[in-house]
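*Asks:* Sequence:
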Amino acid sequence: MKEWKLKDNRQVLRVAGEEVPYLEYPLLAETKAVRHGFSTRMGGVSSGCFSSMNLSFTRGDDEDAVRENFRRMGDAIGVKCENMVFSQQTHTTNVRVVTEEDRGMGILRPMEYTDVDGLVTDVPGLCLVTFYADCVPLYFVDPVKKVIGLSHSGWRGTVGKIGKATVELMKNRYGCNPADIYAAVGPSVCQDCYEVSEDVIGQFREHFAEQYWDSLFYRKENGRYQLDLWKANEIVFAEAGILPEHMAVTNICTHCNSELLFSHRAMGNARGSLAAFLALK
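The opening residue of the sequence shown carries number 2 in this note's numbering; numbering runs sequentially from there.
Don't read these hints as lab results, they were simulated from the structure. Treat the hints loosely; a few may be bogus.
Said to hold, decoys possible - Computed spacing ranges between beta-carbons, pair by pair: (1) Glu-20 <-> Thr-59: 21 to 31 angstroms; (2) Asn-223 <-> Val-16: 33 to 43 angstroms; (3) Cys-50 <-> Glu-196: 17 to 27 angstroms; (4) Gly-126 <-> Glu-69: 13 to 23 angstroms.
The beta-carbon is built from N, C-alpha and C at its ideal position, and this holds for glycine as well.
Please build the complete structure, drawing on both the sequences and the hints.
*Replies:* Printed below as a string of structure tokens:
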């Protein structure tokens, strides 16, 4: 295993799996309620710019290779491909309730929905799957009500607070208490690597209280800004009612670790995709 470039010394993530390495959160594993993971570029069969663990059917990779990659990731985490349910991400704040009827959607049969960036379920065995190459994975586990959520949060999803929308759906649909929910911000682009325009910052000023601005972004001499999506989503968690001791915020940047993780900002369109997995036992 190559050495990870960590942004600090917090031990919030650990590497699991030998033949198929993946990242997992001790905070979530210790609930004993779920199987979960976040893929790396290693352990798959794809070649070229997709090497080797590409988990996207839409980027031009060989479909058989992608299916084998999903099989390997599923085996490593302890889930079956036929139990997976995919998101259909378009940078919305739409969150879908996943039921038994959705089993296999996206991997065994076409999706019957569009514009879905978040998924929640209370069905044991169903594995929620969302996709990444710099955007932020958000994991949610309620071990009391036995409910999970998994959401994709780029800057649009973050400013729209999809994390809060996910918690609210868990609360309204299943009766979850936010104080019982464990939540994690997954590997994604760090503030040092994430330059954005004045227009983007304007939206964060509009949707986040001024007391947070200094910790969320700073202006550079070229007139552009460095934005901290990790901190923003931590704030969203708190606004949703999640307790500080129930949060884990990544210290692994996809861009800094582009040898180990796919990064759109580092590689452009010639790349594969990472995936987050979350299933109730």
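*Asks:* Taking the hints in turn, state whether each one holds.
*Replies:* Now the hints, each set against the structure:
no.	hint	verdict
1	Glu-20 <-> Thr-59: 21 to 31 angstroms	26 angstroms, holds
2	Asn-223 <-> Val-16: 33 to 43 angstroms	37 angstroms, holds
3	Cys-50 <-> Glu-196: 17 to 27 angstroms	23 angstroms, holds
4	Gly-126 <-> Glu-69: 13 to 23 angstroms	22 angstroms, holds
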